[in-house]
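*Asks:* Here are the chains, one letter per residue:
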Amino acid sequence: MNPVLIGMIALAILFLLMFFEMPIAFAMALVGFCGFAVLSNFDAALNMVGLVPYSTSADYIFSVLPLFLLMGEFANISGIMGDAYGTIYKWIGHLPGGLAMATVGGCAGFGAVCGSSVATGATMCRVALPEMRKYNYDASLATGSLAAGGTLGIMIPPSMQFILYGVVAEQSIGKLFMAGIFPGILLSLLFMFAIYIGCKRNPSLGPASSKASWRERLVSLKGIWGVILLFAIVMGGIWGGFLTPTEAAAVGVFVSFILVIVRKQLNRKNMVTAIIGAFITTGMCLGILIGAMIFGYFVALTTLPMALAKFVSSLAIPPLGILICILIVYLILGCLMDALAMVLLTMPIFIPVILALGFDPIWFGVILCLMCEMALITPPVGMNVFVISGMSGVPMYTVFRGIMPFLIAMVIGMVILIAFPQISLWLPRTMLGR
Amino acid sequence: MRSNWAIRPISMSVDSIIKALVLMGCIIYGILALVVVVNVICRFLFQRPLKGTVEVVEIAMLFVAFFAIPFAAKKRAHITVRLFVHRFPELMQKIVYRIGFLLSTVIAGVITYQAIVNTIYSIRHLYETTPVMFIPFAPLKFVMAFGCLILFLVLLLDTLHPIQTQEEPKGGGK
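Same order as they appear, the protein sequences are chains A and B.
For the first sequence, the working numbering gives the first residue as 162, with consecutive numbering after it.
For the second sequence, the working numbering gives the first residue as -2, with consecutive numbering after it.
Check before you lean on any hint, since a few could be wrong.
As the list claims (entries may be wrong) - One-sided excerpt, in silico: chain A residues whose CB lies under 10 Å from chain B:
| id | residue |
| --- | --- |
| 1 | M183 |
| 2 | M467 |
| 3 | A468 |
| 4 | L469 |
| 5 | F547 |
What the hints assert, rightly or not - Here are the simulated lysine-lysine pairs, BS3-like style, with alpha carbons at most 25 Å apart:
| id | chain 1 | residue 1 | chain 2 | residue 2 |
| --- | --- | --- | --- | --- |
| 6 | A | K430 | B | K48 |
| 7 | A | K361 | A | K372 |
| 8 | B | K48 | B | K91 |
| 9 | A | K372 | A | K295 |
| 10 | A | K425 | A | K383 |
| 11 | B | K72 | A | K430 |
Said to hold, decoys possible - Simulated restraints on C-beta separations:
| id | chain 1 | residue 1 | chain 2 | residue 2 | range |
| --- | --- | --- | --- | --- | --- |
| 12 | B | I96 | A | M467 | 28 to 36 Å |
| 13 | B | I24 | A | L379 | 27 to 35 Å |
| 14 | B | I4 | A | F203 | 42 to 50 Å |
| 15 | B | L42 | A | G402 | 16 to 24 Å |
| 16 | B | A3 | A | K471 | 51 to 59 Å |
Keep in mind the hints are simulated off the structure, nothing from the lab.
Ideal placement from N, C-alpha and C gives every residue a C-beta, glycine not left out.
The whole structure should be built from the sequences, with the hints applied where relevant.
*Replies:* Listed below in structure tokens is the structure:
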């Protein structure tokens, strides 16, 4: 049988297994193993599944993942987030929808020290939701801003999505981190703008809170030193070429641990929560990464990506049209599956196509990250929405209703990033340690 | 379920092993971060990076990965797509979950088998070592085989254990 056809049948089986709730990591490994056995032989497939998990986990590059996860957990328990939110609240809380805007700003701040969108959304939910409830914010705006703001965690570096994309697409993680900074800021501003417009049109959505004096605002600035310090050391180290991403992550763990001590949050309960939390997420990520690698070996054997790249290149459609088609595929997949799985599943297939079309893979990483952000809040499978709805007790439908303005902002952001790739690519090009 | 009496002791043993693995894994996790930080400090302060850092990190990663993956499986933290199955009748849900666990067990079993084969090979070829610190591969391959075996047992127990609907896979997307 034609290897490409086998590849397509295997993909169909994989989707079937996933939709029947088989863990994605094992589904990819199983399909990858069986497909490899069909295309080569059973012994070769056995050898492959024996070697790939070892080589994937015992890889220096992958160590960046657990280290950034641990840094995010320490930053979380240190409580720097609450202070950063307080500072932003003092500055813009008096505007219509100001608390929701402060929530988005807080999410962007937490995203700068944590690479997980769910963790960002969940942390901000604990901090910001009681305040918004106190000021009678509309439930859909309050929860929508939390769910959408949380997605900034994967755009603003450090980002798990960028790490995994960098590993699978063989791109520089440092460059990807740098490429995410301006798009992250752009998205934050677009989210704030969406809130402002919504609250201007309907002030009952987010009533303005009391205005802080200039003195209070200036004093509040001391609340964001922790976030700025951590971000400056980690991202400055990567940008300046002083540290590799792995080293930056380890130094970030060290600095965030110092912050935990300085802020008197060091106790047994906090430490167990942080380390076990990072450990379990590491297990989940590495599991799916190993599954994706096994599946990737099989996909390479099918020559499906090459055939697809050849087919797409021969189409009489401009590259932008093909890119839009790919983005539509991601939009559909994003509605159905987890963002992490979506990246790892599709990268072996799509990255040759992107390269064949002449797109910059770093820029595409940013676009893909934005698609992942959408995937986290689009129904029926929107992980951030599930978490925020679960934590707040607000019905899922209300949260999904609240994310609509943010989805529109994301689409506008996408158009801007596609039209002006330099927004993503300028900073990586200025890196000193390339 | 009558089969509970047979599963319980195995399940308790696996739980105890996982607890030990988590403890060791977390300690190694800390060591992993510490080694990289010390390497950075040595490089900046003494212009002398720590010898073998990359190798130590890779070995630590191996421990962390193969101790964390079974733990994530035990906590049902591996990502699943929750779309239709929770809408099925209860019996149908149980059957679907059990098939999913069974297939996961099969692939975990295949990987475990090959990991054990690789470990035996490495034991017979102890002269094959890591390039900088000359650590034989055999104990490292054993770590992988052991982690995979525990993963296999966790999944097998999930397959054999009567599935409660309130214990549905949760997924842990990030």
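*Asks:* Against which earlier hints does the structure fall short, listed by number upward?
*Replies:* Structure breaks hints 2, 3, 4, 6, 8, 13, 14.
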